[in-house]
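Asker: Sequence:
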Amino acid sequence: MGVTELGKLIGKEARREAKLEALAGRCVALDAYNALYQFLASIRQPDGTPLMDRAGRITSHISGLFYRTINLMEAGIKPVYVFDGKPPEFKLAEIEERRRAKEKATEELVRAIKEGRRDEVAKYAKRAIFLTNEMVEDAKRLLTYMGVPWVQAPSEGEAQAAYMARRGHCWAVGSQDYDSLLFGSPRLVRNLAASPKRKVGDEVVELSPEIIELDTVLKSLRLRSREQLIDLAILLGTDYNPDGVPGIGPQRALKLIWEFGSLEKLLDTVLRGVTFPIDPVEIKRFFLNPPVTDTYTTDVTKPDDAKLREFLVHEHDFGEERVERALERLKKAMGKLRTSALDSFF
DNA sequence: CGCAATAA
DNA sequence: TTATTGCGG
Numbered sequence: 557m558g559v560t561e562l563g564k565l566i567g568k569e570a571r572r573e574a575k576l577e578a579l580a581g582r583c584v585a586l587d588a589y590n591a592l593y594q595f596l597a598s599i600r601q602p603d604g605t606p607l608m609d610r611a612g613r614i615t616s617h618i619s620g621l622f623y624r625t626i627n628l629m630e631a632g633i634k635p636v637y638v639f640d641g642k643p644p645e646f647k648l649a650e651i652e653e654r655r656r657a658k659e660k661a662t663e664e665l666v667r668a669i670k671e672g673r674r675d676e677v678a679k680y681a682k683r684a685i686f687l688t689n690e691m692v693e694d695a696k697r698l699l700t701y702m703g704v705p706w707v708q709a710p711s712e713g714e715a716q717a718a719y720m721a722r723r724g725h726c727w728a729v730g731s732q733d734y735d736s737l738l739f740g741s742p743r744l745v746r747n748l749a750a751s752p753k754r755k756v757g758d759e760v761v762e763l764s765p766e767i768i769e770l771d772t773v774l775k776s777l778r779l780r781s782r783e784q785l786i787d788l789a790i791l792l793g794t795d796y797n798p799d800g801v802p803g804i805g806p807q808r809a810l811k812l813i814w815e816f817g818s819l820e821k822l823l824d825t826v827l828r829g830v831t832f833p834i835d836p837v838e839i840k841r842f843f844l845n846p847p848v849t850d851t852y853t854t855d856v857t858k859p860d861d862a863k864l865r866e867f868l869v870h871e872h873d874f875g876e877e878r879v880e881r882a883l884e885r886l887k888k889a890m891g892k893l894r895t896s897a898l899d900s901f902f
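Each residue of the first sequence is one higher than the one before, counting from 557 in my numbering.
FYI, nobody ran anything at the bench for these hints, they're computed from the structure. It is possible that part of the hints are untrue.
To be verified - Below, computed lysine-lysine pairings styled on DSS-like, alpha-carbon distance capped at 30 Å: (1) LYS575 <-> LYS892; (2) LYS670 <-> LYS564; (3) LYS647 <-> LYS670; (4) LYS775 <-> LYS568; (5) LYS863 <-> LYS696; (6) LYS775 <-> LYS821; (7) LYS564 <-> LYS647; (8) LYS679 <-> LYS660; (9) LYS647 <-> LYS658; (10) LYS887 <-> LYS575; (11) LYS696 <-> LYS670; (12) LYS568 <-> LYS811; (13) LYS858 <-> LYS887; (14) LYS811 <-> LYS696; (15) LYS892 <-> LYS696; (16) LYS647 <-> LYS660; (17) LYS696 <-> LYS658; (18) LYS775 <-> LYS575; (19) LYS821 <-> LYS863; (20) LYS696 <-> LYS682; (21) LYS775 <-> LYS564; (22) LYS670 <-> LYS658.
Take the sequences, apply the hints, and build the full model.
Answerer: As structure tokens, this is what we get:
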């Protein structure tokens, strides 16, 4: 997923650890799909079963989105969630490939359950996650009832989020993936969660929010421009060409960009004769000029208590007491958010 | 993941 | 108050 290889090239010097409160008063454009997938993968019972309501509908994503968003707002962060739209044509092959992989995982899951291999069940359950339309609609409804703004991207969510950050409507993009940097976000915040601890395998490690600035990344990699970062990423592999250029790893790719200056130059020289499943220049054009919309707001509004209760407690069987407590926290956080917004304005 | 009951 | 554990839906 994303530009994993590029992430490996971004060293410690370009990453800044921060407390959640350090982002107080700032708007963060969050990649909604990224968040939902994480909740679906991690909010599970030990046997791999996700949270479900009485009707058997999965609710892990609702729980995660609800409580985390409140935590972010309590820290003074103004969230705006960005949902993916229609992917570009040249991503369809990759999407199909992922779907195949998930179907295979689903088959493995069924087999593991049948044969009672508990640990394998959890493993395949995570690989077999499908984000359904209903889940996405759940998330949008929840945010609407909470008074939290969300944006429907015309194409890639990361592109839309980066655009909002570029225009200064948000301070950063919040995602685990690095793609927003390629789309030009000046800042990326990873690990944007309240919980300071997270399980990695059997070990419990501290994972605090991490701020990555585009300018710092460029400097640390000795690149002249975002274009060169995009070129580098395309050599290593992106969502649109996951394999990158076979035989070219991180170090070699970096050297090639330093030496030749651009992807186009490389295609004319070192990479002449190499064929690509997707035209790399088309991918580059997309990163530089993706479809985005100006139709959005980043304003929070008053939550709709009645609809929230109806949705969470009655429709999805959330505990009434928990919901009431969370609602109080939400309203309190929202009040402070509005006050501090005025404070910073004057 | 994040909450909440419980232990220390 | 902080750390641990198990449940939430």
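Asker: Against this structure, judge whether each hint is valid.
Answerer: Structure-based check of each hint:
| no. | hint | in the structure |
| --- | --- | --- |
| 1 | LYS575 <-> LYS892 | holds, 19 Å |
| 2 | LYS670 <-> LYS564 | violated, 38 Å |
| 3 | LYS647 <-> LYS670 | violated, 35 Å |
| 4 | LYS775 <-> LYS568 | holds, 13 Å |
| 5 | LYS863 <-> LYS696 | holds, 13 Å |
| 6 | LYS775 <-> LYS821 | holds, 22 Å |
| 7 | LYS564 <-> LYS647 | holds, 23 Å |
| 8 | LYS679 <-> LYS660 | holds, 13 Å |
| 9 | LYS647 <-> LYS658 | holds, 17 Å |
| 10 | LYS887 <-> LYS575 | holds, 23 Å |
| 11 | LYS696 <-> LYS670 | violated, 36 Å |
| 12 | LYS568 <-> LYS811 | holds, 20 Å |
| 13 | LYS858 <-> LYS887 | holds, 8 Å |
| 14 | LYS811 <-> LYS696 | violated, 44 Å |
| 15 | LYS892 <-> LYS696 | holds, 23 Å |
| 16 | LYS647 <-> LYS660 | holds, 20 Å |
| 17 | LYS696 <-> LYS658 | holds, 24 Å |
| 18 | LYS775 <-> LYS575 | holds, 24 Å |
| 19 | LYS821 <-> LYS863 | violated, 57 Å |
| 20 | LYS696 <-> LYS682 | holds, 23 Å |
| 21 | LYS775 <-> LYS564 | holds, 16 Å |
| 22 | LYS670 <-> LYS658 | holds, 18 Å |
Consistency note: the structure conflicts with the earlier hints numbered 2, 3, 11, 14, 19.
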